[in-house]
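So the sequences go chain by chain: A and B. Just so it is clear: in the first sequence, position 112 is 112 by the working numbering, and no numbers are missing. Just so it is clear: in the second sequence, position 159 is 159 by the working numbering, and no numbers are missing.
Just so you know, these hints were derived from the structure itself, not from any lab. Hints may be right or wrong, so weigh each one.
[Said to hold, decoys possible] Listed next, with one range per pair, are the computed distances between beta-carbon atoms:
1. I265/A x P131/B: 27 to 33 Å
2. P214/A x N122/B: 42 to 48 Å
3. A178/A x F361/B: 47 to 53 Å
4. N122/B x I265/A: 34 to 40 Å
Even for Gly, the Cβ is constructed at its ideal location relative to N, Cα and C.
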Amino acid sequence: MDNAVLTVLIAMLGGAIRVSTPFMFVALGETLTEKSGRINLGLEGNLVLGAMVAYATSYLTGNPWLGVLAAGVSGLFLGALHGYICKLPKVNDIAVGIAMMSFGTGLAFFFGKPFIQPQAPRLDAIPLGDWTGNPALAQALQVNPLFFVGIVLAIFMAWAFRNTRWGLIVRMTGDSAASARAMGVSVDLVRFLATAAGGFLAGIGGAFLSLYYPGIWNQGLSSGQGLMAVALVIFARWDPIRAIFAALFFGAAGAIGPSLQAVGITQGYYFFNAAPYILTLVIMIISAGSKTAAREVPGELSITK
Amino acid sequence: MTVQTADNAAILARGGSSLQFLRLAEAIAIPAGAIVVSALLFALFLLVIGKDPIQFYSLVWTGGFGSSFSIQNSLQRAAPLILTGLAFAIPARIGLTMIGGEGALVLGGFASAAIAIPLVTNGVPPLVTLPIMALTGIITGGLWVGFTGWLKFARGVNETIASLLMSYIAIAIMNFFVEGALRDPASANKPSTLPIGDAYRIGPMPGTEVHWGLAAGIVLAVLLWVLMSRTTFGFAARMTGGNLRAARAQGLPVGWLMVICCMIAGGCAGLAGFFEVAAIHGQANASLVAGYGFTGILVAFLARQNPLAVVPVAILFGALAAAGGVIQRRMGMPDATILVLQGMLFVVLLVSDTFYGRIRFFQVKATGDRT
């Protein structure tokens, strides 16, 4: 019995590392966008389109890293479109997010049809667990380089928000558009760039899905991960480092179902499939009432009002 | 102030109702313009990928409205879209962006199929069973979306994200039961609940092949239009949507208004699920997750959240869905083609929001030197 518990725990650790990476990238992208005072609910579309573009590029060129780059560019395209449209007066950014979600997934399903069958070259992992001599642990510690890219990026973002001129401008635009304008900063431009860059990161998250884990492309590849990552940003209170921990937590939660299945507990598989959504909802309910969150929210953000 | 007076004078001079008329003309012309622009953009898209746009649009026409069969097919698909369109439009009037129609449809449909199992096996007559099924679907959907509305007003949870999460949870709940406790052992390839059987199916309306869901949708659209624009409840709801603080200051029960609007919305979507089960599939299974809830959002946006306008817009999208199959077969295009077209239309439609009040033709002119 102890052995089974250990297996589940190791599988959850591996799952946390594997499943968390797309959450991480989407959440970091959304953090950047929301820090500038705008919300992009449509990152689910970036994630799915990024996954498809990465898979197709990797298949056609044979180079998965080129796929990662292409996925970022596709996300940049959707993000820039979102950023541009929201600049127009009387346009609701939440509604644009819903539209981008359906536009992005529509494009991905349309162009992705021929790539459902073929096998594309995948990203390689770094085996970090071979020294343990435990095959299960070694399997769990197969870590994709993008995982580390995400962590480094989060640390860099946290540092840049605090210590650079650009970081200050983004934060100021998010907290008070009026003071940003008084300083001679173009609010629309800052938000446009922050949304486009956020879209780029979300696209890379999609590349991880199709090129590493689960490592295939089909229409059911992402079921709401992009959306959950957006919810996770509120939970992480707009802090890149906390976003990483939140993503790891979500990864572990998402891995419960498959891990239990691996040791033969198949009952309630569908319930555990729903676990990440329920967890997200519970977290949203908790963080919505939190006074700390209310204090740290960027002042211009419409989501918490 | 002077502008206001001048405006009023102009309105009086032009017969009083001209402001209303211009508003209506604007509300029709701008979405119609958005449809034309996105159709042109999509034609460009087709040209780029080497397909014939003229063939595409003529297939949309013949597949959607070309024959009496295709018209019936379009109307059949419009029925759930009217209801899911209402499910987005009603909360939108009170200022909530609820996108959980898909989940309420799936769960409502599943609940009505589930309650039918004991009734059908015990031989309860269809005239009793069907109303119970419909009521179960409505109540399930209503409570499901109502809960999200309650979360919004009681805890301040963002309703857009929460409602979409609730949709994923609803689909997982249906899968849990359909692949487990309530699975009909005879459904080998596609796990489903026990079929309700032909005797319990809702037949077509007399003289047509379209099921009664269309009539229910149209009746509900009219009733909800009356409710939202001709009653105190509707006025209070619209006031809350327009200015939450003012509504609170007036002492309106804002929270209850929100929850009730959400329950109405969920009830509409749940009813759509009931009709999908009772008239189309005869059982609950993964086919319920057909995207009607998401298309309903676009329907409501195009109808500018007006319950009456939801009906013709839903028929338009029903035709588009009906033509999808023909386009797939005749032009060799993937089924996601319609999704791309809808996505483009959605984006263009939101861009068109920026033109309200900015096109001079639709503004009341104080000077009167131009119509």
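Taking the hints in turn, this is what the structure says about them:
1. I265/A x P131/B: 27 to 33 Å: violated, 41 Å
2. P214/A x N122/B: 42 to 48 Å: holds, 45 Å
3. A178/A x F361/B: 47 to 53 Å: Once the Cβ atoms are compared, 34 Å apart, the range 47 to 53 Å for F361/B and A178/A is violated.
4. N122/B x I265/A: 34 to 40 Å: For N122/B and I265/A the Cβ distance comes to about 35 Å; the hint holds.
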